[in-house]
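Residue numbers (full-length UniProt numbering): 1 to 133.
In case anyone wonders, no lab produced these hints; they're calculated from the structure.
These numbers come from a predicted model, not from an experiment.
Heads up, some of the hints might be wrong.
Said to hold, decoys possible - In silico EDC-like cross-links for lysine to aspartate or glutamate, where the CA-CA straight-line distance does not exceed 20 Å:
1. Lys62 with Glu44
2. Lys2 with Asp104
3. Lys2 with Glu126
4. Lys2 with Asp102
5. Lys62 with Glu12
6. Lys109 with Asp21
7. Lys109 with Glu12
8. Lys109 with Glu61
9. Lys2 with Glu87
10. Lys62 with Asp112
11. Lys109 with Glu132
12. Lys2 with Glu74
13. Lys109 with Glu74
14. Lys62 with Glu132
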Amino acid sequence: MKRLIVDVRPGEYTVTRLAADAPLPAGLLDLTDVLVSVTRTPDEVSVIAPSSFALAGDTAEKGWRLLTVRGPLEFTLTGIMAALAGELAAAGVSLFALSTYDTDHLLVKHTDLGRAVLALRAAGHELVVAPEA
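Work the whole structure out from these sequences, hints included.
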């Protein structure tokens with residue numbers, strides 16, 4: 001696996017589950033300079049957004065931190081998410097993973113962030129930790 005640059009983004013994120021027929025919360029896609037992800041399946045709508053954005057849902061889990069692989073990454077690259085997930089699993093760090101057109105993102109619990117950073121650095125990746133706002 002080639003050495004990756006991974007940015008540790010500031011702020012806390014929440015993963016929320018909404019009903020499958022739920023409308024998108026007003027203002028959600030107006031957020032800028034942060035990750036917002038909406039995934040709809042026949043069974044649910046999953047929303048990842050900064051914890052500061054009030055979002056009522058069936059189930060919500062706060063306390064996630066965002067790690068973003070610096071991209072853009074070519075679609076022909078293979079094994080990036082598998083390698084990062086394996087390195088974190090070996091360190092006992094669970095994750096919530098998602099990909100966008102340009103890159104891969106990992107969410108780890110705030111309480112596991114230190115171990116995640118150490119594990120990824122030990123695997124040879126460069127971690128750039130943004131100062132908290």
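To see whether the hints hold, each was checked on the structure:
For the hint pairing Lys62 with Glu44, the CA-to-CA distance comes to about 18 Å; that is within 20 Å, so the pair holds. Straight-line distance between C-alpha atoms of Lys2 and Asp104 comes to about 15 Å, which keeps the hinted pair within the 20 Å bound. Taking the CA atoms of Lys2 and Glu126, the gap is about 11 Å. The hint holds against a cut of 20 Å. The hinted pair formed by Lys2 and Asp102 meets the criterion: a straight-line CA distance of about 17 Å does not exceed 20 Å.
Proximity of Lys62 to Glu12 is assessed by CA-CA distance (about 7 Å); at most 20 Å being required, the pair is judged to hold. For the hint linking Lys109 to Asp21, the alpha-carbon distance of about 28 Å lies beyond 20 Å, and the restraint is violated. Between Lys109 and Glu12 the CA atoms are separated by roughly 9 Å; this keeps the pair inside 20 Å, and the hint holds. For the hint linking Lys109 to Glu61, the alpha-carbon distance of about 10 Å falls within 20 Å, and the restraint holds.
For a cut-off of 20 Å, the pair hint linking Lys2 to Glu87 stands: about 13 Å separates their Cα positions. Restraint check for Lys62 and Asp112: satisfied, since their Cα atoms lie roughly 13 Å apart, inside the 20 Å limit. Restraint check for Lys109 and Glu132: the C-alpha separation of about 16 Å stays at or below 20 Å, so the hint holds. Distance check on the hinted pair: Lys2 and Glu74 sit about 13 Å apart at the alpha-carbon level, within 20 Å; holds.
The suggested pairing of Lys109 with Glu74 is violated, with an alpha-carbon distance near 28 Å, which exceeds 20 Å. Distance restraint check for Lys62 and Glu132: the Cα-Cα separation of roughly 17 Å lies within the 20 Å cut-off, and the hinted pair is therefore satisfied.
In summary, the numbered hints that this structure violates are 6 and 13.
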